[in-house]
Amino acid sequence: CLCPRHCGVNRLAGKSGKCHITSQVVISSYGPHFGEEAPLVGKHGSGTIFFTYCNLQCVFCQNYAISQLGEGRAVDSEELAGMMLSLQAKGCHNINLVSPTHVVPYIVDALELAVSKGLYLPLVYNSGGYDSVETLGLLDGIIDIYMPDMKYSDEKTAEQLSGIKDYPKVNKAAVKEMHRQVGDLQMDKQGVAHRGLLVRHLVLPDRLAGTQEVVRFLAQEVSTNTYLNIM
Numbered sequence: 036c037l038c039p040r041h042c043g044v045n046r047l048a049g050k051s052g053k054c055h056i057t058s059q060v061v062i063s064s065y066g067p068h069f070g071e072e073a074p075l076v077g078k079h080g081s082g083t084i085f086f087t088y089c090n091l092q093c094v095f096c097q098n099y100a101i102s103q104l105g106e107g108r109a110v111d112s113e114e115l116a117g118m119m120l121s122l123q124a125k126g127c128h129n130i131n132l133v134s135p136t137h138v139v140p141y142i143v144d145a146l147e148l149a150v151s152k153g154l155y156l157p158l159v160y161n162s163g164g165y166d167s168v169e170t171l172g173l174l175d176g177i178i179d180i181y182m183p184d185m186k187y188s189d190e191k192t193a194e195q196l197s198g199i200k201d202y203p204k205v206n207k208a209a210v211k212e213m214h215r216q217v218g219d220l221q222m223d224k225q226g227v228a229h230r231g232l233l234v235r236h237l238v239l240p241d242r243l244a245g246t247q248e249v250v251r252f253l254a255q256e257v258s259t260n261t262y263l264n265i266m
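Counted from 1, the sequence shown has number 73 at position 38 by the numbering used here; the numbering is strictly sequential.
Hints were generated in silico from the structure; no laboratory data involved.
Fair warning: there could be bad hints in the mix.
Said to hold, decoys possible - Below, in silico cross-link-like pairs of lysine-lysine (BS3-like), each with a Cα-Cα straight-line distance of 25 Å or less: (1) Lys211 with Lys191; (2) Lys204 with Lys191; (3) Lys191 with Lys224; (4) Lys78 with Lys207; (5) Lys200 with Lys224; (6) Lys125 with Lys224; (7) Lys224 with Lys207; (8) Lys125 with Lys152.
What the hints assert, rightly or not - Quick list of simulated restraints, FRET-style, between CB atoms: (9) Glu248 with Lys125: 32 to 42 Å; (10) Glu256 with Lys152: 38 to 48 Å; (11) Asp111 with Ala73: 29 to 39 Å; (12) Gly172 with Lys152: 20 to 30 Å; (13) Lys191 with Glu114: 40 to 50 Å; (14) Met266 with Ser64: 20 to 30 Å; (15) Lys152 with Gly198: 18 to 28 Å; (16) Met266 with Glu169: 23 to 33 Å; (17) Val168 with Arg108: 27 to 37 Å; (18) Val143 with Ser121: 13 to 23 Å; (19) Gly126 with Gly198: 35 to 45 Å; (20) Lys78 with Arg108: 26 to 36 Å.
Ideal Cβ positions, reconstructed from N, Cα and C, are used throughout, including at glycine.
Could you build all of it, start to finish, from the sequences and the hints given here?
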């Protein structure tokens with residue numbers, strides 16, 4: 036199954052699950068972005084493509100209009116490939132796929148077209164961290180940089196704030212698989228990343244995010260050299 040929610044719907048038949056996606060990918064916007072983590076931005080920006088909808092339902096989402104309300108328009112694989120090539124032509128350091136979890140098959144189709152037309156930039160998988168190990172396995176050798184969230188270490192909090200109880204378990208397995216594929220973050224002499232794992236963690240009031248547990252997990256079960264952005 037594509038997503039750990041295991042909706043089991045047939046998108047090709049026009050049905051949608053929790054993420055609302057059917058047979059077409061929906062894009063909110065794309066362009067050079069200078070507000071991402073420094074190793075992705077460099078001098079010329081990160082080439083971000085914002086995919087509409089999400090497999091999580093975070094009550095504090097800063098992109099709520101995109102992730103939950105569906106702001107954006109449907110595009111086909113050829114147009115998505117064109118967006119990637121356009122970002123490369125603008126000098127971006129990478130192609131940053133924002134909220135890609137629920138649309139992986141569409142991304143792979145577009146990448147095949149884009150690479151055949153000269154796409155060579157590192158690919159960033161920028162997710163909420165609720166990814167299946169099986170789907171990530173299909174991306175082994177395709178994705179250069181993984182940038183997942185590690186939102187919570189407590190099931191009750193995950194269910195209350197993101198609508199999914201098993202987030203901590205799934206998230207930890209996903210992060211370990213990501214690190215297995217690409218290792219610690221590697222940067223060039225200008226400080227621009229070209230491969231590796233970069234983890235984000237948002238501190239919440241009353242220790243709801245379980246920050247200490249997240250840091251301990253990364254140090255003990257992933258790598259003490261993990262690039263971690265605590266927000």
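Structure-based check of all given hints:
1. Lys211 with Lys191: holds (22 Å)
2. Lys204 with Lys191: Distance ~12 Å between Lys204 and Lys191 Cα, so the pair holds.
3. Lys191 with Lys224: violated (43 Å)
4. Lys78 with Lys207: violated (32 Å)
5. Lys200 with Lys224: Status violated; Cα separation ~42 Å.
6. Lys125 with Lys224: holds (21 Å)
7. Lys224 with Lys207: Distance ~31 Å between Lys224 and Lys207 Cα, so the pair is violated.
8. Lys125 with Lys152: Status holds; Cα separation ~16 Å.
9. Glu248 with Lys125: 32 to 42 Å: holds (40 Å)
10. Glu256 with Lys152: 38 to 48 Å: Holds: the Cβ-Cβ distance is about 40 Å, inside 38 to 48 Å.
11. Asp111 with Ala73: 29 to 39 Å: holds (34 Å)
12. Gly172 with Lys152: 20 to 30 Å: holds (27 Å)
13. Lys191 with Glu114: 40 to 50 Å: For Lys191 and Glu114 the Cβ distance comes to about 42 Å; the hint holds.
14. Met266 with Ser64: 20 to 30 Å: Since Met266 and Ser64 have Cβ atoms about 22 Å apart, the given range 20 to 30 Å holds.
15. Lys152 with Gly198: 18 to 28 Å: violated (39 Å)
16. Met266 with Glu169: 23 to 33 Å: holds (29 Å)
17. Val168 with Arg108: 27 to 37 Å: holds (32 Å)
18. Val143 with Ser121: 13 to 23 Å: With a Cβ separation near 19 Å, Val143 and Ser121 satisfy 13 to 23 Å, so the hint holds.
19. Gly126 with Gly198: 35 to 45 Å: holds (39 Å)
20. Lys78 with Arg108: 26 to 36 Å: holds (30 Å)
In this structure, the earlier hints numbered 3, 4, 5, 7, 15 are contradicted, and the remaining ones agree with it.
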